[in-house]
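Given the sequences, and given the hints that come with them, work out the whole structure.
Protein chains in written order, with this note's numbering: chain A, 1 to 147; chain B, 1 to 147.
Honestly, the hints are just simulated from the structure, not real lab data.
Note that CB positions come from ideal geometry on N, CA and C, so glycine has one too.
Treat the hints with care, as some may be off.
Chain A stretches covered by chain B per the calculated footprint, using a threshold of three residues with CB under 8 Å from any CB of chain B [unchecked claim]:
#1 48 to 54
#2 62 to 75
#3 80 to 89
Incomplete in silico selection of chain A near chain B, CB under 7 Å [unchecked claim]:
#4 R39
#5 R41
#6 N42
#7 P43
#8 L44
#9 V106
If you want the ones that stay clear, here's a sample from chain B, every Cβ over 12 Å from chain A, calculated [to be verified]:
#10 Q28
#11 R61
#12 G124
#13 D127
There are 2 protein chains.
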Amino acid sequence: MEAALEEAREAGRAGEVPVGAVLVRGGQVLCRSGNTRERDRNPLGHAELEVLREGARLLQRWRLDDCMLYVTLEPCTMCAAAAIQARIATVVFAAEDLERGACGSVWNLPAASEMDHHPEVVGGIMDEPARGLLNEFFAGLRGRRQG
Amino acid sequence: MEAALEEAREAGRAGEVPVGAVLVRGGQVLCRSGNTRERDRNPLGHAELEVLREGARLLQRWRLDDCMLYVTLEPCTMCAAAAIQARIATVVFAAEDLERGACGSVWNLPAASEMDHHPEVVGGIMDEPARGLLNEFFAGLRGRRQG
Numbered sequence: 001m002e003a004a005l006e007e008a009r010e011a012g013r014a015g016e017v018p019v020g021a022v023l024v025r026g027g028q029v030l031c032r033s034g035n036t037r038e039r040d041r042n043p044l045g046h047a048e049l050e051v052l053r054e055g056a057r058l059l060q061r062w063r064l065d066d067c068m069l070y071v072t073l074e075p076c077t078m079c080a081a082a083a084i085q086a087r088i089a090t091v092v093f094a095a096e097d098l099e100r101g102a103c104g105s106v107w108n109l110p111a112a113s114e115m116d117h118h119p120e121v122v123g124g125i126m127d128e129p130a131r132g133l134l135n136e137f138f139a140g141l142r143g144r145r146q147g
Numbered sequence: 001m002e003a004a005l006e007e008a009r010e011a012g013r014a015g016e017v018p019v020g021a022v023l024v025r026g027g028q029v030l031c032r033s034g035n036t037r038e039r040d041r042n043p044l045g046h047a048e049l050e051v052l053r054e055g056a057r058l059l060q061r062w063r064l065d066d067c068m069l070y071v072t073l074e075p076c077t078m079c080a081a082a083a084i085q086a087r088i089a090t091v092v093f094a095a096e097d098l099e100r101g102a103c104g105s106v107w108n109l110p111a112a113s114e115m116d117h118h119p120e121v122v123g124g125i126m127d128e129p130a131r132g133l134l135n136e137f138f139a140g141l142r143g144r145r146q147g
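What follows is the structure in structure tokens.
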């Protein structure tokens with residue numbers, strides 16, 4: 001999760017919403033990314049989607065059932081559903097997202113009976129630094145809007 | 001939708017689940033794709049995600065609020081949420097997906113109050129040929145499994 005936080009910090013410095021993700025396989029970091037939406041002008045540029053795509057490219061398979069996804073913010077519906085599509089074994093997130101979270105806060109897609117696959121979900125790991133980054137970022141945005 | 005059906009047919013011939021999508025802007029086709037999961041070994045390789053990413057690349061912006069997404073099957077949670085992320089104006093789909101559809105059948109993400117954006121959704125356009133392609137594909141799969 002420390003690596004995911006580094007990615008989040010770097011994304012924040014680049015003007016992205018500071019969220020970072022890491023894909024782990026066999027205890028090793030397979031790939032890592034922050035949000036890239038603004039940099040790549042890509043509506044799909046959430047950190048989770050970046051590492052799922054890159055991890056599949058590295059392993060040359062779409063089924064990532066031996067991988068764990070670490071992310072600094074509870075995945076949204078798009079990203080939680082993508083992790084399910086990729087058959088991710090475990091999703092570990094830091095800060096809860098009470099407004100948009102889809103791993104228990106607003107929706108709970110990993111537990112939904114309609115899904116083909118049900119990743120294990122672990123939340124609240126190192127949530128304070130992750131939330132701190134996000135609060136700082138959005139306070140900065142509000143400050144600039146009012147300034 | 002005819003162009004999306006062509007993409008679906010082509011995907012099916014290539015061994016993908018036969019779903020196709022087209023992004024339309026100002027009455028013109030901006031880009032089109034079928035499913036690419038098997039070809040690209042990409043868990044994110046649904047037709048909708050392919051055209052959202054390519055459309056954003058072509059327009060050099062992530063906000064696709066002047067675009068319509070046509071797709072031959074009701075989007076799943078990942079794809080419906082991605083269309084919302086991309087601020088798609090209207091989602092038009094052919095066949096309903098009563099098992100996984102996230103535009104009214106199982107979930108209704110475009111209408112969810114927690115979402116920042118609410119695309120208009122139109123379903124059932126040319127649903128018979130779209131459903132026919134899918135039924136044929138899955139009947140073929142079952143035949144091969146039993147054979």
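Against the structure, the hints:
For the stretch 48 to 54 of chain A, the stated coverage by chain B is satisfied: 3 residues place a CB nearer than 8 Å to a CB of that chain, which reaches the threshold of 3. With 3 residues carrying a beta carbon less than 8 Å from a beta carbon of chain B, the stretch 62 to 75 of chain A meets the three-residue requirement, and the given coverage holds. Interface restraint, the stretch 80 to 89 of chain A with chain B: holds (7 residues with C-beta to C-beta distance below 8 Å; minimum three). Taking 7 Å as the C-beta contact cut-off toward chain B, the hint placing R39(A) at the interface is violated, the least distance being around 10 Å.
Given the 7 Å rule on beta carbons, the hint for R41(A) holds: about 5 Å separates it from the nearest Cβ of chain B. Restraint check, N42(A) versus chain B: the minimum CB separation of about 5 Å is within 7 Å; hint holds. With its C-beta approaching chain B no nearer than about 4 Å, P43(A) sits inside the 7 Å limit, and its interface hint holds. Hint status for L44(A): holds, given a least beta-carbon distance of 6 Å to chain B, under 7 Å.
Checking V106(A) against chain B: minimum C-beta separation of about 5 Å stays under 7 Å; hint holds. Distance to chain A confirms Q28(B) as a non-interface residue, since its nearest Cβ pair spans about 20 Å, more than 12 Å. Remark: the non-interface label on R61(B) conflicts with the geometry, its nearest Cβ contact in chain A lying 5 Å away (cut-off 12 Å). With a least CB separation of 21 Å from chain A, G124(B) remains clear of the 12 Å interface cut-off, as annotated.
Against chain A, the non-interface label of D127(B) holds: every CB pair exceeds 12 Å, the least being about 20 Å.
In terms of the numbered hints stated before, the structure departs from hints 4 and 11, listed from lowest to highest.
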